[in-house]
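Student: This is what each chain is made of:
Protein chains: 2
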Amino acid sequence: MGNDNSTGLGTMRANIKRDGQKRVVIVGCGLGGLKLAMSLRHAGLQVVVVDRNNYNQFPPLIYQVASAGLEPSNIAFPIRRLFQGYDNYYYRMADVKSIDSDEKCIATSIGTIHYDYLVLGMGATTNFFGNKNVERNAFPMKTVEDAMALRNHLLHNLEIAETETSAAKRQKYMNVVIVGGGPSGVEIAGALAEMKRFVVPRDYPDLADRMHIYLVNAGDRLLKAMDAKSSAEAEKDLERMGVHVRNGWRVTDYDGSVVTMDNGQTIDSACVVWVSGVRANAIGGIPADVVGHAGRLICDRMNRVKGLKDVFAIGDQSIIEGDPEWKLGHPQLAQVALQQAANVARNIIREEHGETLRPFVYKNLGTMATIGRKAAVAEIGKWKFGGLTAWLLWLVVHLRSILGVKNKFFVLLNWMWNYVNYKQSLRLILRSKK
Amino acid sequence: MGNDNSTGLGTMRANIKRDGQKRVVIVGCGLGGLKLAMSLRHAGLQVVVVDRNNYNQFPPLIYQVASAGLEPSNIAFPIRRLFQGYDNYYYRMADVKSIDSDEKCIATSIGTIHYDYLVLGMGATTNFFGNKNVERNAFPMKTVEDAMALRNHLLHNLEIAETETSAAKRQKYMNVVIVGGGPSGVEIAGALAEMKRFVVPRDYPDLADRMHIYLVNAGDRLLKAMDAKSSAEAEKDLERMGVHVRNGWRVTDYDGSVVTMDNGQTIDSACVVWVSGVRANAIGGIPADVVGHAGRLICDRMNRVKGLKDVFAIGDQSIIEGDPEWKLGHPQLAQVALQQAANVARNIIREEHGETLRPFVYKNLGTMATIGRKAAVAEIGKWKFGGLTAWLLWLVVHLRSILGVKNKFFVLLNWMWNYVNYKQSLRLILRSKK
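Residue numbers (full-length UniProt numbering), protein chains in the order written: chain B, 1 to 434; chain D, 1 to 434.
No lab work stands behind these hints, which were simulated from the structure alone. It is possible that part of the hints are untrue.
Copies of the same chain are indistinguishable here, so a pair counts whether it falls within one copy or spans any two.
Derived pair list, reagent style DSS-like, types lysine-lysine, alpha-carbon separation capped at 30 Å [stated by the list, open to error]:
id, residue 1, residue 2
1, Lys172, Lys97
2, Lys327, Lys142
3, Lys169, Lys97
4, Lys172, Lys408
5, Lys406, Lys142
6, Lys132, Lys169
7, Lys374, Lys406
8, Lys306, Lys22
Please work from the sequences and hints to get the whole structure.
Tutor: Given below as structure tokens:
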């Protein structure tokens, strides 16, 4: 077939399709996009992966980068390395702007790229619900880069607190407010409570005991996707670790100094972590009626975006209509993205073979959240448990999912080291200048 | 004595000197500053360390961060951790602006800090010799943050090259020009040659063999501080590894696209690494006649800054007048800074005891530079050697010097891993957003 003039592919091999071979373009190399690409390895298709970052990151451990327990490189993996030795696989670093489903191409920051099949796995981003003040002043924690910025900010505030002469101003730099009672909020609250307990008294003897961590949650209990028993256990653990849990408080404003709640309460804080909600990443060229709740693209049960031919959406960016068990959409969890990716890969292969496509059926493998050293909550089917067992299970499950032998090995070593030393050790305020 | 109103110390313990106790303020926590602080541990003095970064970094390995062989955290160590358990030691994160030697205080970004003894160990920074174009467009490699920026830029250029359709433009993104034939230039050239050989062909099959590395050196041979035999060996090794060594070429301009030499030659390049010279970091309040060659402060043989009472300067920032053996000043090497720091610490203690101060006598422990896997050059006294022996020695010496058991351990693991795998693995383009 030869060169198809996809300017975003350059003049080299990626732009030359072998005779009759079709091209699958995958936008976003998160957990879903990567799984899908790997599942097509033996399908005889050309695979082009487009992502604005040159690495795949592992979202469940981002909070550990923020709390300085892990390095960014421990939970991020270069995409090109992942596809080494894969025949006819290509990666392009680009921002994707819009879809032209008539011409079957996408417009990107590096040019157009034509597709035969398009899969959108762009994931979700932080939802500030239109509150510009909060967006400007609070710290999100959705990406490795967010986590690095938050870590730098947290540590810098402690340095400021040490020389602040006004007691009230100093307390502002010592108060951390986490907004959102889901797994991310619980996990970062627990990790920061450990930092407060083990690191701060040693590194900042003058500040010991002055640090306060607030977990502000609009709902009436933490971890509302889990059982009430798990919620209660998480709350008890966090309070024991010194976290102030505030259920039923809704943040209405944050100006960089004061967090304001709808019940009139306020907290002075120079560091607000916003993990209160997500919305799907947006892409142009999608009809308005296909964009559903929180920006998720409405798909049929085969994950095909409604009304767009040969375009699929998976994971956090998609919402499936018509699944009798999940009328409000599937939870935005790693396992959903992975399972949908596997099903879409099989469906693309089926379509190539003229077979009937099969609908996605979600298999809930359980949910868990870690709270701290030897403390976690887990639910697997009807089995609900916490404490050390849940923590060890959490550790094994997440270690298994991290890509690459080297990364697994280094993460394990870091965890073991931190466990033995009872203190976090990666506390550099590090900024790339250019 | 009580509070002395040093506003930069805050209201807490650091600002309260015990009866009769003197305060040593150390500006800069590089190799020299840190060594000095540690050497005063049992002197019964209050020690205040001021640095703009909250970590001590290990300069000899910065090039490995730039070439993605090591992570920043492997060669940087939080200052507060270093002083855990030290009585009456304080760290302050601040930029130091000027000295007022009459009032015996320094002005900093967080306020004034009074001293009884002041030691300047602010080190050196990249010298662009007034060439604004080069300063704007070339990448220095003097700090961990420089190295991260250079790494991001190098990897980004490869991504651009993959989709560039003009062959001439593409080559620009594939040419790396290193300016400076000293140890830093040789080391980064060698590390990038290994990246070109082992990483690029795997990750960018279309770009294999297109990458070119130029080492441009104004002098007539590399490593001019070493023996001619070592220079020849380094050059031979680099050429064998595919580096184009250009001796006797002096860069006059770089506009971001084209490097221009004084002999009329040009090289198209989107990445220029500038390791061609350093100048001492500057501080205000120093009389002009005390500022010597390349900004180094002129000291007597006790490292006391000329004409300023109780002010010392050590390492790269200082130049000793009157040493019969080193008339042009001591080389700006780690071992000089470390030895001067130890001598100044002893002299401060001697002064406290009313004893006579002793002049600094440099003991040259040898010099070395690494070129690549199993290739290095070393000179210890009259003993000059290269190859595997020098490389192993280099490895042991540098591992010994890295601070902290954890860092040593992780650096060793990284090196072993890279050695076994013959490929670098930390190739993330990672930028902190805020």
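Student: Now tell me if each hint is right for this structure.
Tutor: Hints versus structure:
| no. | hint | in the structure |
| --- | --- | --- |
| 1 | Lys172 x Lys97 | between (40 Å within a copy, 27 Å between copies) |
| 2 | Lys327 x Lys142 | within (26 Å within a copy, 57 Å between copies) |
| 3 | Lys169 x Lys97 | between (44 Å within a copy, 25 Å between copies) |
| 4 | Lys172 x Lys408 | neither (38 Å within a copy, 37 Å between copies) |
| 5 | Lys406 x Lys142 | both (24 Å within a copy, 28 Å between copies) |
| 6 | Lys132 x Lys169 | within (24 Å within a copy, 41 Å between copies) |
| 7 | Lys374 x Lys406 | both (25 Å within a copy, 23 Å between copies) |
| 8 | Lys306 x Lys22 | within (22 Å within a copy, 76 Å between copies) |
Against the hints set out earlier in the document, a violation occurs for number 4 only.
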